[in-house]
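Colleague: Spelled out from the first residue to the last, the chains are:
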Amino acid sequence: MNNDVAIIGIGLHPFGRTDGLSGQQQGAHAVREALKDAGVAWSQVGVAYGGSQDAGNADALGNLLGLTGVPFVNVANGCATGGSALASVIAAIQSGMAEIGVAVGFDKHPRGAFNPRPRDWGLEDWYGETGMMLTTQFFALKTRRYMFEHGITDDALVRVAQRAFRNGALTPHAWRRRELGYAEIAESMPVNLPLRKYMFCNPAEGGAALVLCSARHARKYTDRPIIVKAAVMRTRHHGSFEVFSPGLAAEQAPAPTVTASRAAFELAGVGPRDIGVIQLQDTDSGSELIHIAENGFCEHGEQAHLLRSGATEIGGRLPINTDGGCLANGEPVGASGLRQVIEVCAQLRGQAGQRQVPGRPRLGYTHVYGAPGVSAVCILQAG
Amino acid sequence: MEPNPLPRLACPGVVAGSADRPVLVGSRCTCCGEIYFPAAQGCTRCCASEMTAHELGAEGRLWSWTIQGFQPKAPYAGGEAEHAFQPYGVGYVEMPSGVKVESRLTVADPERLEIGMPMRLTLIAYRQVAGEAPVHTYAFAPAA
Ligand SMILES: [Zn+2]
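So the protein sequences, as listed, match chains A and B.
By full-length UniProt numbering, the letter at position 285 of the first sequence is numbered 285, and the numbering carries on one by one without gaps.
By full-length UniProt numbering, the letter at position 51 of the second sequence is numbered 51, and the numbering carries on one by one without gaps.
Simulated from the structure, these hints should not be mistaken for laboratory data.
Pairs of lysine to any residue residues, derived as SDA-like cross-links and limited to a Cα-Cα distance of at most 20 Å, are as follows: (1) A:Lys229 - A:Leu363; (2) A:Lys36 - A:Asp223; (3) A:Lys197 - B:Phe85; (4) B:Lys73 - A:Leu193; (5) B:Lys73 - A:Met189.
Okay, chain A solo, but in the shape it has when bound (with noise of 0.2 Å):
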């Protein structure tokens, strides 16, 4: 208990595009917000970790934060970086290597798919030249399979993308504001059927950061802590059905986003029904519709019903990616692990403006799942 960590600043660069600034200026941007919102120095900060995908290493920030001496990790996890990041500054913290901690991760990417090399993933030439190695595809085919095992329809596919505009729409930082009708939504051109454009998110840029330290001494820098109740990430077994797979094997196992949400509710000692908030990795429609159940928020193929219900929306028993998720923000990858945190961390402390949960949620909870099959959880508490 008395080695929780806690979450003292969250900074943001607003996802979306933004021109004439680098990835890292964009990172720098988040650090120093976070800085600020905790109201400590760069200089006090004793570690950090950080990275993105295609904006270059972490550590470069130094070079426009302060060049400080601080031990400063590049972590390169895909789309688990941010989860990796925190994690590492959590373990630093309790290890007592520093007092204050930094993770951050930024991101800026080219627009479009992203264009994987095949080598670089253990795979050969002819996987990608046949035209099989995209995300997208990837993505549909589990949603197909997903759909066709649970008695899913399309109509959960559009209900999920409808409610993430809604909330984009509510939230001042996101990138995509505007609401779509369902019938927009539904007759979207077909990307990847089941899956059609308004279901994707898009590659984006942005930044984001957090300040941390010992539960301890947190109430010296804010009276709004957020506790850290567990952090964990996870690879694949053998069996689980992942991105960039030519073949699958015979039996499936369970994906690491199951094993990574067990670990995380046993390690709080909390389980799904005590959440009050929820971020879940939504690159598409599909995706989150399969978080749902993996997390440990309903049996698998409830989602219609909850989906239909309302009780995904803000006001609803299971509140959603309130921000709009990765539909309405994009996906910088380095950042957006980070992103949901801090979004998180906005609900518990009741900042969240038109789109605060009501009820002031006292736990929250953030999964980010990613190439190649992995997936990091965190549930924060309010302090």
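Starting from the known structure of chain A, arrange chain B with the ligand on it as the hints suggest.
Modeller: What follows is chain B with the ligand alone, placed relative to chain A:
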């Protein structure tokens, strides 16, 4: 009659047999028996590293499917002009061993694809560029 030899393939290592009767080749762990497509260097199930070649056959059932609706960027090498791009089907086909093989499908019409339908292996020319020999890959077609 001699069987027709295999055409120019993007993926010569995963297809055996003849042009008329292609079969997919993967590998099998000599330690625990787990089967892989494409052939694996090591077993992710039991961590052993001794593998032998294993034929997966040419028939299976459609396990999941999608339609690639836009022209992919590199590393895709279809080579057609943007205006000439035609959406194509992609799916997983469950082979008799239970292994699911990701594959191009010969059909790109959602009305003609259904999970569970029987599929048969074939070869398609995925790259047809003037002045060079067409490049083929394996694909699954609905079994008549
Ligand atoms: Zn084995």
